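Numbered per our numbering, the sequence shown finishes at 1220, counting up by one with no gaps.
FYI, nobody ran anything at the bench for these hints, they're computed from the structure.
Be careful, since some hints might not be right.
Derived lysine-lysine pairs resembling PhoX-like cross-links, with alpha carbons at most 20 Å apart [as the list claims (entries may be wrong)]: (1) Lys-1148 x Lys-1162; (2) Lys-995 x Lys-1015; (3) Lys-1186 x Lys-1118; (4) Lys-1162 x Lys-1187.
If you're wondering where the values come from, they're calculated on a predicted model, not measured in any experiment.
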Amino acid sequence: MRPATGEEYDAMMVSLDRHLASLGLTPAQRPLNAALVVSSTLGLSGTPIIGGSGDRGEPFLPQDLLARVHEWYSDTYGDKTKIDFSPGSIVVSLHSNLWEMKMPKVWGSFDLFISQDLSNQGNYISSRASPPVRHNILRSVQGMTQAYASRLQNDDLLLLADKFIDSYPAIVCLDDLKGHDLFEEARGDYRHSVDALLTGRELGKARWDTAQCAEKVLKGLLAREGHAFPTSGAKGHDISHLGALVAEKLGFSLSAPDLSAVHCTPAVRYGEKKSSVEEALAAHDALVRILGALAKAEAHHTHWPET
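With the sequences and hints as input, model every part of the structure.
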């Protein structure tokens, strides 16, 4: 039965939201699914399921009903309904402060620039008749204020630009890796490592998750091509050994110092051996360089499976 009052509509949405939550959908996944259910259940076929700010007609008629779905979720969950399309982030140290640099999701090519005016975000939508997509690198630095950005010197700007340019292909590569379940696990480990490092306190966890990401990426590459790898014992978690197997079996070498820097023992994981910010950040940077080298290798090995 179609709701005719605000109270009836809210009761319908609460019930529907609980149903979608029971199916395992996150708040960000529910608005569109809720609109589809409302449209199907109430027979609103032909009405746009994404409501805009234009003329919605009379209250509780089809167009207004579906617009209310998105409003209800925005009012109820706020930022939880926002979808983060970013392929991932890196951690950058600037004047002894750790910053999250979040990479943008871009389809196609784009131009980079740096403006200390943080209101200058660039152009995120492009067509044949408009300028190309442009991204202000400073807008990627999460939580940076205008006051902080205004004080940055040329060396600071060059550091941030270099970090972005060097790391972007690495993060996109990790996000795009397909062909084995280990890659999805590696992405989770990477996100956990970044979050832990940014706290400045969970440094052992940051190093362990960094090593786990590298281990699962390397094992995933080998498994994707049908090659065996050690699953237990010291060699099963030896990043340098796994890197050597990748070089032997897949034909491209990874930096030995970077592989060594990423390696982490269980003593670090369990807090038996203390870790410094410098050690955790060095492991993070080494992993990003490994992923950057992998990005170049992936680009030259298009015969590798992508399923």
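Original post:
Taking only the CA atoms, is the gap from Lys-1186 to Lys-1118 under or equal to 20 Å?
Top reply: holds (11 Å)
**OP:** Quickly compare the C-alpha distance for Lys-995 and Lys-1015 to 20 Å and report which way the hint goes.
**Re:** Measuring from Cα to Cα gives roughly 16 Å; hence the hint holds.
**OP:** Quickly compare the C-alpha distance for Lys-1162 and Lys-1187 to 20 Å and report which way the hint goes.
**Re:** violated (35 Å)
**OP:** Sort out whether Lys-1162 lies within 20 Å of Lys-1148, counting only the CA atoms.
**Re:** Status holds; Cα separation ~16 Å.
The structure fails hint 4 only (numbered hints given earlier).
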